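Visitor: Residue strings, one per chain:
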Amino acid sequence: MRYSALSILGQALSGNRGWKPVWREPQPKPHYDVIIVGGGGHGLSTAYYLAKEFGIKNIAVLEKGYIGSGNVGRNTTIVRSNYLLEGNIPFYEFSLKLWEGLEADLNYNAMVSQRGVMMLAHSDGQRDAFARRGNAMRMHGVDAELLDREDLQKMMPYLNYDHARFPIKAGLLQKRGGTARHDAVAWGYARGADSHGVDIIQHCEVTAIRRDEKGGVTGVETSKGFIGCNKLALATAGHSSETARMADLRLPIETHVLQAFVSEGIKPVIDNVIVYGGGHFYISQSDKGGLVFGADIDYYSSYAQRGNLAIVESTMEEGVSLIPGLSRLRVLRSWGGVMDMSMDGSPIIDRTPIENLYLNAGWCYGGFKATPASGFCFAHLIAKNEPHHVARALRLDRFERGYAVDEAGKGPQPNIH
Amino acid sequence: MTSSRIANVGLVDHSRVVKFSFDGRTYKGFEGDTLASALLANDQMLMGRSFKYHRPRGPVTAGPSEPNALVTIGKDARTEPNTRATVAELYSGLVARSQNAWPSLNFDIGSINGALSPMLGAGFYYKTFMWPAAFWEKVYEPVIRRAAGLGKAVMEADPDRYEKSWAHCDLLVVGSGPAGLMAALTAGRAGLRVILAEQDFRLGGSLLSETAMIGGVSAPDFAAATIAELADMPNVTIMPRTTVFGWYDDMVFGAVEKVQKHLAVPSADKPVERLWRIAAGRAILASGAEERPLVFGGNDRPGIMTADATRTYLNRYGVATGRKVAVFTNGGSGYRTAADLSARGVNIAAIIDSRAASADFAPYGVRVIRSGSIVDTKGGKRLSGIMTNRFGYDEMIDCDALAMSGGWSPIVHLMCQRGARPVWSDEAQAFLVPDVGPLFAAAGSAAGHATVSECLRDGAVKAHAAVEAVGRLVGHVNTPEVEGEYDPSFAPLWYVPGARSKAFVDFQNDVHVDDLALATREGFGHVEHAKRYTTSGMATDQGKLGNVNAVALLAGMRGVSPAEVGTTTYRPFYTPVSFGALAGTARAEQSRPIRTSPLHGWAKKNGATFLESGLWYRSAYFVQGEEKTWRESVDREVLNVRQNAGLCDVSTLGKIEIFGRDAAEFLNRVYSNAFLKLPVGKARYGLMLREDGIVFDDGTTSRLSENHYVLTTTTAYAAEVMAHLEFASQTFWPDLDVCFVSTSDQWAQMSLAGPKSRAILQKLVEDDLSDASFPFLAAREVQLKGGLIARLFRISFSGELAYELAVPAGYGEAVADAIMEAGRGEGICAYGVEALDVLRIEKGHVTHSELDGRTTADDVGLSKMMSKNKPDFIGKRLSTRYGLTAADRLQMVGLKPVELDKPLKAGAALLREGVEPSMTAGQGFVSSACFSPHVGQWIGLAMLKSGRERIGEKILVWDAVRSSEFLAEVCAPVFVDPENLNLHV
Amino acid sequence: MASLITCPHCGRRPKEEFSIRGDAVPERPEAAASEEAWHAYVYLRENPRGAIREYWHHVAGCRRWLVVERDNLTHEVFAVTDAREAATGDAA
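Residue numbers (UniProt numbering), protein chains in the order written: chain A, 1 to 417; chain B, 1 to 985; chain C, 1 to 92.
Just chain A, with the same shape it has in the complex:
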């Protein structure tokens, strides 16, 4: 059923009785060409692009909970491509371009809102680092503007410009960056994939990976029985190590919890996404009025979707330091997402040493914005057995070869990326 203002009007006049399920609830078939493990944003977008762009029709997405129950529904909804490194910019820019066409492509309003992403610099060195990043972006044709303090004061008068430790010196603005309605991304991809014949099977947990005598993958054992496949694709960020272990694979990943927060709804005061360079704080305001924000991970390994008070407090400290006017507003809810923190802070989209097994993992803080490109590039890899050209740097063997994509320059310690 095509969505439009007209369809809404038509339904309104007939008591909204005609709306159909957005996706089917099929029983699993005995065998698929491709099985994707993980019904989150990346898994669903992979299925969608595999079916739509690469002509593969016999696809299943297996989700142990409900679709969108992982990080696609537990993030701060930021989309951007303001990266520094050659291995990252083309990939995230490809993703941003897909975001820009997403609603038209999916016929689903994921509310991609290009409100601008502003990264603040608080020292001359940080300003120069942002200039370097901005130039790298511009070289690739990505929009970037380096704004001075006066420009920023006009845009965001409520910031603390003269903070004793972190005065605001400059800002790197990507106007095309912004936010999207996170849940709707999962639902839109699910609806799109379903309409191309993909079987989305919820509450179907993969319990083992079956391999033939040569080691190649032939299917998965699940809570709904054995399902065979030609190719198995893992898109279970947060739990990648656990799923990969079923195929005896160790990954360059540790699992950590990142908390995020939303305030009570208030009338719009913050127009764009703001990223604080004096800490890790980032904030935007949703179309419902809630301030959506976050900062550091909890630093210890965790598979629990909840964090602790110390990080809650440090997040608010950074928030109030940057935006003093937050002080009397109230935080409504905190939540935690478990994430694959990789060894260089960058993701992995690659084949594995195991025949027929494909891996999409290691998204660290940044998986949401990558959702479209991650799916597209993973689909490309699965369909053609070769990486999409924008994802060539995101290989699994890059650590062995000495080609880490280390955006933060922190080295092989996952929790500081």
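To be clear, the hints were calculated from the coordinates, so they are not data collected in a lab.
Please note that the accuracy of each hint is not assured.
[Unchecked claim] Within a straight-line C-alpha distance of at most 30 Å, the following computed DSBU-like cross-link-like pairs (lysine-lysine) qualify: (1) A:410 - B:945; (2) A:410 - A:175; (3) A:169 - B:19; (4) A:97 - B:127; (5) A:267 - B:381; (6) B:138 - A:267; (7) A:64 - A:52; (8) A:288 - B:52; (9) B:604 - A:169; (10) A:410 - A:169; (11) B:75 - B:152; (12) B:378 - A:154; (13) A:267 - B:152; (14) B:52 - B:378; (15) B:604 - B:763; (16) B:945 - A:288; (17) A:57 - B:604; (18) B:19 - B:270; (19) A:288 - B:127; (20) B:127 - A:169; (21) B:75 - A:154; (22) A:154 - B:138; (23) A:267 - B:127; (24) B:138 - A:97; (25) A:288 - B:502; (26) B:19 - B:324; (27) B:138 - A:288.
[Stated by the list, open to error] Anything over 10 Å on all C-beta distances counts as not near chain B; from chain C, calculated: (28) 10; (29) 35; (30) 69.
[To be verified] Label pairs and their calculated CB-CB ranges: (31) B:564 - C:74: 22 to 28 Å; (32) B:564 - A:148: 56 to 62 Å; (33) B:201 - A:27: 53 to 59 Å; (34) A:53 - B:853: 33 to 39 Å; (35) B:632 - A:175: 33 to 39 Å; (36) B:426 - A:27: 28 to 34 Å; (37) A:31 - B:945: 46 to 52 Å; (38) B:118 - A:57: 55 to 61 Å; (39) A:225 - B:498: 40 to 46 Å; (40) C:74 - A:392: 39 to 45 Å.
Predicted model, so just to flag it, every value in this text is computed and none were measured.
Glycine included, each C-beta is placed from N, C-alpha and C at the ideal position.
Following the hints, position chains B and C against chain A.
Guide: Quick look at chains B and C alone, frame taken from chain A:
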């Protein structure tokens, strides 16, 4: 008047009038009122507008779960939007305004949305606003955003103070109703350290509105007596106005105390709110139960509230919510409320009981409609009538308020914040607390008990268990007799059939039954999907009132049990907490420590301009005379250092003292270059790698005696290097005899650089400083004239003859003054980190601008620092990987713009001349740049692909974000004294 | 865990006094070990869901590195040991 105060009823102090204002009108309330009770006493039932349809709303509760009665409290920078009037303690001078209404609360244009509601069903926005694509940001979204949110924030700095504190106890009791009080009393009498936390400003919980007699006295009197006894116990801490909002690991609870939120102008001597981190041995959740609204057509009109709220306004605040109140109930609660109202002379329009029969007594003369239901209501800003239906027959009954009861749900929130899910009980028709282990138990109605006597007993029983668990003897606690209890049982009623208008589930977000039905029809029947699709439970009350109804409705629509539907996830915060309380004192300059160097005073009196550098304030440059720009000062300082001498504060460098028999061996393993044979009295430049072969940090290390070294780090990496050394020592090589201490703050260190530095220093130092006796890289203790022992290092960052002198921090300023005085004849100047940076760029020394966590030693021309002979050092093994040794890596070079006046800036990109900019065309970037007064133009250090082969090449400096591009010549990264002659004079 | 941690030297202390490095299971190989062994040590992690060993540094306390044995799903702490003791079996 319809709702009104009843003289001399309730716990408010009728003799103490409190004046306040709402929407500009002045009202009078009493001490002990909430804003909501005071407004009701003044017949102001309309208190807010809902989010989506802007429907007129009054309070539906008398407590923290309130979804409707949200107002903005306070003025100017103390403005607080979305404050729940039902818990806002009334104070003299309180200023409240309604919100989310325009032009006024009474007449709100936004209510037109209600007429459009068939088109604004659940998730409608996902299906439209897509065409044309450019219209989203320009047209649709601005309109949607105008409707966003409820109250307005002022975004001004908060004038008030906040603070944080830890508290420790054997037993934390959350809630001071019958169960909480008995738990605290039992544990308190047994000698446990007890904290009793109550979110309300008055302790007692449900006892404050209870009419049953306890132990022969009224329930409030019983509460008062118990509280008085607790207050006398030194081991019991009573914390009113304190909401426990979160349960974290290790039995740490987050709580926020409203210290001065009930004052118009708080005292500056105290915080307005205090964040408590309560480390509890055990805890008892006595948070009570929530009465559920009934879901029927038109159930949201102002005047419709829970029976419990009606009763609380009556018994605690002495406010009748109407003159003629109807009751709609599925159990005993409605009868109890009717009885209390009737006893206070309030007319009962009728009791509509959904059940066919019950043993409950209606007040004398009150009509009971059994098997009855309400299918619609009427009234604008206030309820004026209800359409009842019994066996298909309608009847309109006039009334101005309705008390509804849909049964009770235990408040299980805190116990479910750590992953455990509440458990559905068919018997209780409610979700009950999960078993979360022995340390945290629920008591009273939070544990599913319904009567006062059960709650009292259960509080004592649960505390008893806690006392025994810590090995104490339980004192004697009598559970008092309760007279006048009612039958709290009820028959489930999740949806009242036949609704003729919207039946709301989530009041604030205007989610009604049809929305849930649509969600189910479209495949969003999973409770999490339904929540996210319809926004049910996502308002500021987080579904405290509506979630259980929503779950049961979904269950009905899906044809399964509520157990199968389950609940959404419970997460902090139980009720919203201010940013201010969570940030505490750590805001503005208190958010991070301010570190000033021991030479800060010296720099200040020499005219320094300071620069924030990490946590430090460092002297950036020293303005003299008529200098108008920082460049003039820096140029002068640089030239003066190269011609005469300069003194710079380098105290911020990390300094680590290393001791032990194996110190040399240890250093040899943590540095990439050799350290075993460093002689006593010598300094050596050292490079540390990470285990992945990338440069970690650099600095000099000096051997002061056989087993004593002092290692310096860069300012930025002082803490990281210390942690790194401790890790290596404690985990890799615990057998090595070595130990460290950071002395970064103990020493003032200054760099005296320039050709005349020796002459100046010699005036102050007893020891002979001639090149022969104190050559380049000498490092040892010297005696200053006057006797002070100092450490002197002949090392140079500038490339000139230079020394670093370290003295105990307290002597820093005096010694620096003495050097300036001694150098006056030689033309000494103070120089700052800006000049220091110019001097090191001219000399081609690297900093973390080059060592950005991605560079190898070879990248910056330091391959000679990678020992070939040592069997092992940190980073050795992986430094030879292909990618780290590839020929096309970025290598450090020097850059000089071809045209002398072109300003080179760090961060500019490099491109081949004539090539279109693209990612693949990128050749590198400028890592450091400055104007060099020595060279007479801008110079820089750059990281350039295969750079060292490209000396002499012209390359395009492309700085698009600063709108500049020009050609520069690639050169060797040394602009002064390439033969190092100056170092050895 | 993670709210309060019992340092074997300092007692029960709040989380914010510690900095956390990560998995404490991999052991630094001999210098001459294979490149695969070094790659595995530096980059590969078991990362199980459940019981783990993790390095915590008592930065704002005794400055000892500790091995914290805990469950990363329930956040229950089983044991906290000084790293030297964990490495050598001797008390630090």
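Visitor: Evaluate each hint against the coordinates.
Guide: Against the structure, the hints come out as follows:
At most 30 Å may separate the alpha-carbon atoms for a hinted pair to count; residue 410 of chain A and residue 945 of chain B meet this at roughly 22 Å. For the given pair, residue 410 of chain A sits about 28 Å from residue 175 of chain A by alpha-carbon distance, which is consistent with the 30 Å threshold. With a C-alpha separation of about 47 Å, the suggested pairing of residue 169 of chain A with residue 19 of chain B is violated against the 30 Å cut-off. Of the supplied pair hints, the one linking residue 97 of chain A and residue 127 of chain B holds, its CA atoms being roughly 21 Å apart against a limit of 30 Å.
This hinted pair checks out: residue 267 of chain A and residue 381 of chain B have alpha carbons roughly 24 Å apart, not beyond 30 Å. In summary, the hint linking residue 138 of chain B to residue 267 of chain A is supported, as the alpha carbons are separated by about 18 Å, within the 30 Å threshold. Between residue 64 of chain A and residue 52 of chain A the CA atoms are separated by roughly 24 Å; this keeps the pair inside 30 Å, and the hint holds. Of the pairs offered as hints, the one joining residue 288 of chain A and residue 52 of chain B holds, with about 10 Å between alpha carbons and a cut-off of 30 Å not exceeded.
As the CA atoms of residue 604 of chain B and residue 169 of chain A are separated by approximately 23 Å, the hinted pair is consistent with the 30 Å bound. A threshold of 30 Å between alpha carbons decides the hint, and for residue 410 of chain A with residue 169 of chain A the separation of about 24 Å falls inside it, so the pair holds. For the hint pairing residue 75 of chain B with residue 152 of chain B, the CA-to-CA distance comes to about 12 Å; that is within 30 Å, so the pair holds. Distance hint between residue 378 of chain B and residue 154 of chain A is unfulfilled; the C-alpha atoms sit about 49 Å from each other, more than 30 Å.
Distance hint between residue 267 of chain A and residue 152 of chain B is fulfilled; the C-alpha atoms sit about 5 Å from each other, no more than 30 Å. About 20 Å separates the Cα atoms of residue 52 of chain B and residue 378 of chain B, which keeps this hinted pair within 30 Å; it holds. Simply put, residue 604 of chain B and residue 763 of chain B have alpha-carbon atoms about 24 Å apart, close enough for the 30 Å limit, and the pair holds. A hinted pair counts as satisfied when its Cα atoms are at most 30 Å apart, and residue 945 of chain B with residue 288 of chain A does not qualify at roughly 48 Å.
Distance check on the hinted pair: residue 57 of chain A and residue 604 of chain B sit about 73 Å apart at the alpha-carbon level, beyond 30 Å; violated. Simply put, residue 19 of chain B and residue 270 of chain B have alpha-carbon atoms about 24 Å apart, close enough for the 30 Å limit, and the pair holds. A threshold of 30 Å between alpha carbons decides the hint, and for residue 288 of chain A with residue 127 of chain B the separation of about 17 Å falls inside it, so the pair holds. A threshold of 30 Å between alpha carbons decides the hint, and for residue 127 of chain B with residue 169 of chain A the separation of about 42 Å lies outside it, so the pair is violated.
This hinted pair checks out: residue 75 of chain B and residue 154 of chain A have alpha carbons roughly 25 Å apart, not beyond 30 Å. Of the supplied pair hints, the one linking residue 154 of chain A and residue 138 of chain B holds, its CA atoms being roughly 20 Å apart against a limit of 30 Å. Distance check on the hinted pair: residue 267 of chain A and residue 127 of chain B sit about 24 Å apart at the alpha-carbon level, within 30 Å; holds. With a C-alpha separation of about 19 Å, the suggested pair residue 138 of chain B and residue 97 of chain A falls inside the 30 Å cut-off, and the hint holds.
A threshold of 30 Å between alpha carbons decides the hint, and for residue 288 of chain A with residue 502 of chain B the separation of about 22 Å falls inside it, so the pair holds. Taking the CA atoms of residue 19 of chain B and residue 324 of chain B, the gap is about 28 Å. The hint holds against a cut of 30 Å. Of the supplied pair hints, the one linking residue 138 of chain B and residue 288 of chain A holds, its CA atoms being roughly 17 Å apart against a limit of 30 Å. Residue placement check: residue 10 of chain C keeps its beta carbon more than 10 Å from all beta carbons of chain B (closest about 15 Å).
Distance check for residue 35 of chain C against chain B: the nearest CB is about 7 Å away, which does not clear 10 Å, and the non-interface claim fails. Separation of residue 69 of chain C from chain B is adequate, the least Cβ-Cβ distance of about 15 Å exceeding the 10 Å criterion. Under the hint 22 to 28 Å, the C-beta atoms of residue 564 of chain B and residue 74 of chain C, about 25 Å apart, fit the expected range. Judged by the Cβ atoms, the range 56 to 62 Å given for residue 564 of chain B and residue 148 of chain A holds: they are separated by roughly 58 Å.
Take residue 201 of chain B and residue 27 of chain A: their Cβ atoms lie about 57 Å apart, and the range 53 to 59 Å holds. Between residue 53 of chain A and residue 853 of chain B the CB atoms are about 37 Å apart, so this pair conforms to the stated range of 33 to 39 Å. At roughly 37 Å, the beta carbons of residue 632 of chain B and residue 175 of chain A sit within the given window of 33 to 39 Å. Judged by the Cβ atoms, the range 28 to 34 Å given for residue 426 of chain B and residue 27 of chain A holds: they are separated by roughly 30 Å.
Residue 31 of chain A and residue 945 of chain B have their C-beta atoms about 49 Å apart, which keeps the hinted 46 to 52 Å range intact. One distance hint, 55 to 61 Å for the beta-carbon pair residue 118 of chain B and residue 57 of chain A, is violated here, with the actual separation near 38 Å. In this structure, residue 225 of chain A and residue 498 of chain B meet the distance hint of 40 to 46 Å, their C-beta atoms being roughly 45 Å apart. Between residue 74 of chain C and residue 392 of chain A, the C-beta spacing of about 40 Å keeps the proposed range 39 to 45 Å intact.
The structure does not agree with the numbered hints 3, 12, 16, 17, 20, 29 and 38 stated previously, though it agrees with the rest.
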